[in-house]
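**Q** Chains as they are written, first to last, in the numbering used here: chain A, 1 to 317; chain B, 318 to 634.
Since the hints were derived computationally from the structure, they do not count as laboratory data. Every value quoted in this text rests on a predicted model; they were computed, and no experiment measured them. Don't be surprised by glycine CBs; every beta carbon is placed ideally from N, CA and C. Take these hints with a grain of salt, some might be off.
[To be verified] Straight-line alpha carbon distances no greater than 25 Å define the calculated BS3-like cross-link-like pairs of lysine-lysine that follow:
1. A:Lys179 to B:Lys539
2. A:Lys316 to A:Lys301
3. B:Lys496 to A:Lys137
4. A:Lys31 to A:Lys273
5. A:Lys273 to A:Lys120
6. B:Lys414 to A:Lys97
7. A:Lys201 to A:Lys30
8. A:Lys179 to B:Lys518
9. A:Lys179 to B:Lys537
10. A:Lys202 to A:Lys220
11. B:Lys496 to A:Lys208
12. A:Lys138 to B:Lys388
13. B:Lys633 to B:Lys565
14. B:Lys604 to A:Lys86
15. B:Lys444 to B:Lys467
16. B:Lys529 to A:Lys97
17. A:Lys138 to B:Lys403
18. B:Lys454 to B:Lys444
19. B:Lys344 to A:Lys179
[Unchecked claim] Computed Cβ-Cβ distance ranges for the label pairs, DEER-style:
20. B:Phe448 to A:Glu26: 55 to 61 Å
21. B:Tyr345 to A:Gly175: 27 to 33 Å
22. B:Gly532 to A:Gln197: 34 to 40 Å
23. A:Ile74 to B:Lys352: 44 to 50 Å
Protein chains: 2
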Amino acid sequence: DATDDVPCNIKFVIEGEEETGSANIEKYLKKYKQKFSCDGVIWEFGYVDAKNRPIIGLGMKGLLFVELSVKESIQDAHSSLAVLIKNPAWRLIDAVKTLRDSSGHVLIKDWYKEVTPLSKQDLELIKNEPFDENVFKKEFGIQSFVNNMKGMDAKKALVAGATCNIAGFVSGYIGDGAKTVLPSDALVKIDFRLIPQMDPKKQVTRLKNHLKSKGFGDIKIKIFHGEAAARTNSSDPFVSQVKDAAEKSFGTSILNVSNAGTGPMYSFVDILKSPCISIGSTYMFSKIHSPNEFARVDLLKKTTKCMCLIMENFGKN
Amino acid sequence: DATDDVPCNIKFVIEGEEETGSANIEKYLKKYKQKFSCDGVIWEFGYVDAKNRPIIGLGMKGLLFVELSVKESIQDAHSSLAVLIKNPAWRLIDAVKTLRDSSGHVLIKDWYKEVTPLSKQDLELIKNEPFDENVFKKEFGIQSFVNNMKGMDAKKALVAGATCNIAGFVSGYIGDGAKTVLPSDALVKIDFRLIPQMDPKKQVTRLKNHLKSKGFGDIKIKIFHGEAAARTNSSDPFVSQVKDAAEKSFGTSILNVSNAGTGPMYSFVDILKSPCISIGSTYMFSKIHSPNEFARVDLLKKTTKCMCLIMENFGKN
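Taking the hints into account, I'd like the entire structure generated from these sequences.
**A** Pasting the structure below:
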């Protein structure tokens, strides 16, 4: 449907670095803070689920990606010398075992210090979010979740769970068959998903202090990314304007308190001091990043209409 | 110097599989047990140290090489899902952490059950073996040994220490930089050095029972090698005959209770019921398995003379 003139000012930010960690968006937004000042941010990150319901995202988790490494000797040794030369793989395992307990709870001092519990409002939204455990389990071929979580607990973890995940671990000989070698070094890549109020810089300091206090002060730490979590309050008027537009256009909508993943939402919320909401036309099973990735024309049309309605709603209020 | 006719019978075994684990030597010796029956075995595995002293080896450690692996899901996942999907790297770390304590002592039930302490005689030999800690540490660029061992403790470990060594560990993304991935599987290669009385087959059963009893019964175990340790008693008359020959030829000799490494010595000792001793012409720093590997002509000549003298001694007694 044709509309009249645009009922409010629109500014566009097109960023090409999201897949490589959005290293410059924060600097950029700070530099052009005045130019980008606004009352609300729409991020096209949003998606449409298997049942054609648009997911309105109110938040993203933060991320801290680090690499820990131990170098014990200047060369690999014959493993008969393991009676004398320390094995860096054992040492790294000892170190990472101190980071979390077997339920996944991070054991670093003050890791959760600033975290506040989910609000009643957020809990209500989480309860209303659809999540088909069986479809999910089948997709990954798994029998049960971490800590045997089920139902509301699993949904809460997706929205508000912090993690300490081993993304990679390597030491010694990893080819076929046997090689009796004592490796000279070992390396682990760990990503910590952060939740609101966790400051990546503070968490780095806490991680470093933790390793030192546990006797692992010699372990080399390399920091790759630190990004804070962001959440827009679901009672912000902007949220109901978007929700109304989505429902008019798609016939339905789902509010998601926070995506389980990470993106540079915090930079917008923190620097522009504006609510940030994600809604978009991406179909959940559109083979993202895979061969034959596709966009659905019907969803593009519905999202276009939704965007117009958001502007209309915004202009009215 | 020319000698008369050979004063005793000599049989030769030339084996070409030592570097790939000597998979067939046991079968072969069993099949031709009668043909190879003898009163003593000389193995050219022996070497000559940096100070031109021939090392007469009386033993070898055994070896058990295994691979443990965990497969959690049918595909790698985005690490945002670590809130729900179990990480096989954490699980494998939890499992291997139960195998030994931080001092290197193996925690598997009955692992050391049949092991007998070193005899007074062996302790005396170990005391007399030279071992330059500083040269060793400098070679590998290390500051201290496992458990801060020094002197006699370090020498005892080389001769009679059992180990549980991580030869390789791999899971997830191990390239440069960051990748927020939750691996679907994790794999560790472990070599256990075995000492006398440890039966590789029994130890495999103990390892399997251990994992089961600790709740890791689902972990896949692959066995690559199992070889028992062997030691010839230093008071065997054959030892003094070899020692006498070595000292006449080289001017000196060192008795080594057991090499820290593994070779198929047990097959000979167990099947032929003969003492087995290693002595040879290999120079310690002859770049074994490296480019420009070499043999020293002076040592070849001395070893030839030594072999003749061994035969002479043997013929006389």
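**Q** Which of the listed hints are broken here?
**A** none
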